[in-house]
Amino acid sequence: MSKHYDAVIVGGGVIGALTAKILSEGGKSVLILEAGIEGAMKPSNYQKYLRTLYTEGGVRGMPNGPYPWNSAAPSPAIPSAPTVRGEDDPYFVFDTPKHFMSDYLRMLGGTTLHWQGTSLRLVPNDFRMKSVYQKGIDWPISYDDLEPAYRRAEYELGVSADVEDQIFFGVWFPKGYVFPMHGLPQSRVDHYFKAALKKQSVRLHGGQYPLKVIPIPVARNSTPNPKYGIYAGYDPVSMVSNRDRGLRCQGNSSCMPLCPVQAKYSALKTLNELENSSQVEVRTQCVATRLILDEATNKIAFVEYNRYQNPDSPRHTVEMAKGTLIVLAANAIENATLLLASGSSPKGLANSSDQVGRNLMDHPYLYTWGYSSKRVYPFRGPDTTSGVESLRDGKFRKVHASFRASLSNWGWSSEPGHQLSSLLQEKTYGKQLRKTLAENMARMVKIGFMFEQLPSQKNRVTISPDYKDAMGNYRPVFSYHYDSYSLAGAEAAVNKVWKKISECAKIEDHTDYPDPAPSGYQRVSFNGKSYNIMGSGHIVGTHRMGRNKKHSVTDRNMKTWDHPNLYVVGAGNQVTIGTANPTLTAAALAIRAAEAMLRELQ
Amino acid sequence: MDKDRRTFLELSSELTGYSPIDLEGTGLVDEYRKLVEYEVGKNVTDLLYQTARSVLDKKSGEERDRTMHINIMASAILWPICQNLVVLWYRGQWSSMSSIWYKYYARVSPPSKVAPGKTFVPSTQSYTQQLCYKAAGAHPPGANPTGFGTWGLDPVFGDFAKHNRKRQ
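Chains A and B, in that order, give the protein sequences.
Residues 121 to 722 (the numbering used here) are what the first sequence spells out, left to right.
Residues 23 to 190 (the numbering used here) are what the second sequence spells out, left to right.
Derived by calculation from the structure, the hints in this document are not laboratory data.
Hints may be right or wrong, so weigh each one.
Below, in silico cross-link-like pairs of lysine to aspartate or glutamate (EDC-like), each with a Cα-Cα straight-line distance of 20 Å or less [what the hints assert, rightly or not]:
#, chain 1, residue 1, chain 2, residue 2
1, A, K123, A, D629
2, A, K467, A, D629
3, A, K616, A, D629
4, A, K555, B, D181
5, A, K494, B, D44
6, A, K494, B, D181
7, A, K551, B, D181
8, B, K64, B, D24
9, B, K135, A, D215
10, A, K318, A, E623
11, A, K547, B, E32
Anything over 12 Å on all C-beta distances counts as not near chain B; from chain A, calculated [said to hold, decoys possible]:
#, residue
12, W189
13, R248
14, R435
15, P502
16, E559
17, E611
Small disclaimer: the values here were computed from a predicted structure and weren't measured.
Glycine residues also receive a C-beta, built at the ideal position from the N, C-alpha and C atoms.
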């Protein structure tokens with residue numbers, strides 16, 4: 121039996137890295153167990169993944185695309201088009217035809233390797249949906265409770281934004297607060313919509329709502345704000361392997377699946393800071409398989425894990441890690457399956473509430489698109505720099521989902537290829553082809569709408585002895601659907617909001633939802649209309665926090681109700697999903713949890 | 023200059039609307055020529071270059087266009103190759119000719135390393151030099167970035183640059 125740590129953390133992504141940072145700053149010893157390989161942390165690998173991005177022709181539709189397959193610790197291959205209980209996805213198993221279509225990456229650094237970087241805070245009403253709108257349930261904490269942790273998260277992730285743009289729906293900042301860096305410049309696309317939608321509004325369920333285009337906060341390096349902090353501003357964090365690169369976004373237009381210069385935050389940056397710390401040990405290629413309970417104290421005695429040498433082979437040795445505190449930080453799905461796989465009861469551990477794995481939420485996502493009336497020159501810059509954020513809250517939430525509309529800077533993505541084919545079909549070639557293609561590309565606009573989902577007992581991840589990976593570990597099994605609350609939001613977005621936007625901005629609408637839906641999309645019908653919807657990769661809610669142990673898995677500090685030394689941390693603690701991309705909130709929750717752990721360890 | 027190389031370059035130029043100098047600037051002329059010649063085989067290559075010359079040697083654009091329609095676009099052997107060639111330059115991807123093309127039109131068997139109908143990116147440079155982005159004043163995702171904040175300005179290179187420079 122090896123060393124005893126103050127904390128053993130399962131998962132080397134943003135949640136694990138931030139928890140380790142805070143605990144080690146408090147002088148505590150930490151072991152991080154990462155299921156995946158060291159991968160992107162090594163500069164030569166990172167370069168190799170960039171080459172894969174090129175040789176695979178962009179692999180844009182596939183966030184995990186450039187990263188190598190690991191059969192010892194598999195990741196989902198979304199978006200493939202899986203069938204019910206089908207084997208089309210090498211990792212996910214689906215129990216229902218409405219699939220959960222979001223992925224994550226099991227590698228050191230986790231899914232922050234290919235996240236978009238959007239770092240919006242939740243709005244205060246997201247924390248009290250039940251009391252304000254009689255939907256979902258309330259959180260045990262409020263926006264005010266989480267506000268200090270949001271600030272720390274904005275520091276750790278390096279968020280670029282200007283405070284004056286971000287004050288809406290009761291979101292507040294302490295007097296004099298500024299973000300670490302100024303907001304990124306808005307794109308030509310943003311300016312186009314901003315001008316077209318000025319003073320425009322839309323009617324939703326008896327209320328009139330403005331269509332305000334607002335720059336979004338992002339964890340992507342911009343110009344440091346000299347007013348940040350008490351002394352002299354903020355030092356942007358460079359690429360992990362090269363201190364001269366990534367200090368500012370240079371417009372690689374590839375936040376997903378890979379930023380070539382790491383101008384965007386990834387957990388590699390936090391882990392890199394900890395590399396020389398004697399307090400933190402990181403072990404990669406260690407898949408946690410079970411938590412072992414000490415029946416006498418009801419504490420977790422050990423984390424059992426499989427250590428492997430070769431990602432292509434299931435061969436491994438079984439080892440144990442021991443800590444005063446055990447912290448699961450492996451994302452909402454892996455945290456839930458690990459709890460379900462532990463203990464001797466079929467309910468698993470930390471599950472007296474029967475809520476582990478339930479209330480799984482994501483942002484159902486759909487696109488609308490068309491040609492702008494003037495050239496806006498997309499296919500340049502970060503994938504999105506602004507959104508219509510004025511529909512994220514309102515009385516209509518009593519009836520349907522709120523949503524945000526993200527303006528795409530990447531045109532219709534892979535569409536230039538389709539356009540080229542159809543021009544050639546029409547026998548257009550030479551100068552005419554060049555001109556037509558350039559002109560069309562310069563006017564391609566696309567909006568991505570993402571909707572909130574309500575927590576539901578029926579949307580869940582579970583495990584089954586019938587479905588195990590090559591190493592013999594449980595694969596996640598999903599039951600998941602979109603309810604009418606979300607779909608009514610989608611209906612309002614397409615038929616009211618997009619309609620209004622395209623009228624005001626004089627868009628030549630090309631939105632079309634073909635049947636069957638393209639790979640990665642789910643075809644959904646609602647009130648006689650059909651939409652093709654996909655996932656957002658915003659995996660939330662499987663181990664929610666709460667006021668009492670009957671309805672929740674953890675308390676407000678993310679400690680499990682059932683086991684006095686077990687914390688389960690991440691977006692899985694979110695009680696509702698709201699309309700903010702969840703990484704910043706998850707990071708803030710991790711900071712809050714780590715501070716509670718420190719108090720407990722003192 | 024090698025006569026066939028000249029024909030390949032001029033044909034590429036006629037088809038893509040980019041000047042031979044622009045295409046040379048990508049550094050891909052020889053790689054692409056080799057690829058196409060390998061994929062379609064010697065006999066079809068000869069036919070392609072011979073026919074291409076009949077188009078390219080015409081003096082006026084109007085005549086070249088007419089001959090292009092008659093001699094190349096009407097050919098079930100040559101037009102599919104030319105379409106692929108345009109996609110290769112614009113998107114940096116090559117889709118190998120179909121089995122039907124090999125069997126019934128070209129009447130040759132596919133070369134040993136070719137999987138008919140399969141799409142691939144010949145090299146990392148093919149990806150980074152895609153003409154479609156160049157035309158739109160943009161760049162391929164993940165390569166040749168345009169610099170901090172440039173996305174907020176009109177493009178200063180590509181086909182709209184002249185127009186935009188004039189405006190500024």
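So, going through the hints one by one against the coordinates:
Annotation: proposed proximity of K123(A) to D629(A) is violated, straight-line Cα distance about 63 Å (limit 20 Å). Under the criterion of a C-alpha separation no larger than 20 Å, the hint pairing K467(A) with D629(A) is inconsistent with the structure, at around 50 Å. For the given pair, K616(A) sits about 14 Å from D629(A) by alpha-carbon distance, which is consistent with the 20 Å threshold. For the suggested pair K555(A) and D181(B), the alpha carbons sit about 8 Å apart, so the restraint of at most 20 Å is met.
Straight-line distance between C-alpha atoms of K494(A) and D44(B) comes to about 27 Å, which puts the hinted pair past the 20 Å bound. At roughly 15 Å between alpha-carbon atoms, K494(A) and D181(B) fall within 20 Å of each other, so this suggested pair holds. Using a Cα cut-off of 20 Å, the hinted pair K551(A) and D181(B) holds, with the two alpha carbons roughly 11 Å apart. Our distance criterion of 20 Å between C-alpha atoms is met by K64(B) and D24(B), whose separation comes to about 16 Å.
As the CA atoms of K135(B) and D215(A) are separated by approximately 42 Å, the hinted pair breaks the 20 Å bound. For the suggested pair K318(A) and E623(A), the alpha carbons sit about 13 Å apart, so the restraint of at most 20 Å is met. Simply put, K547(A) and E32(B) have alpha-carbon atoms about 18 Å apart, close enough for the 20 Å limit, and the pair holds. Interface exclusion of W189(A) from chain B stands, the closest Cβ pair being 19 Å apart, more than 12 Å.
The Cβ of R248(A) lies farther than 12 Å from every Cβ of chain B, with a closest approach of about 37 Å, so its non-interface assignment holds. Listed as outside the interface, R435(A) is consistent with that label: its C-beta sits roughly 33 Å from the nearest C-beta of chain B, beyond the 12 Å cut-off. Taking the minimum C-beta to C-beta distance to chain B, about 7 Å, the non-interface status of P502(A) is violated against the 12 Å cut. Not every Cβ of chain B is farther than 12 Å from the Cβ of E559(A); the closest lies at roughly 9 Å, contradicting the non-interface assignment.
Annotated as non-interface, E611(A) keeps its C-beta farther than 12 Å from every C-beta of chain B; the closest such distance is 32 Å.
When held up to the earlier numbered hints, the structure conflicts with 1, 2, 5, 9, 15 and 16 and fits the remainder.
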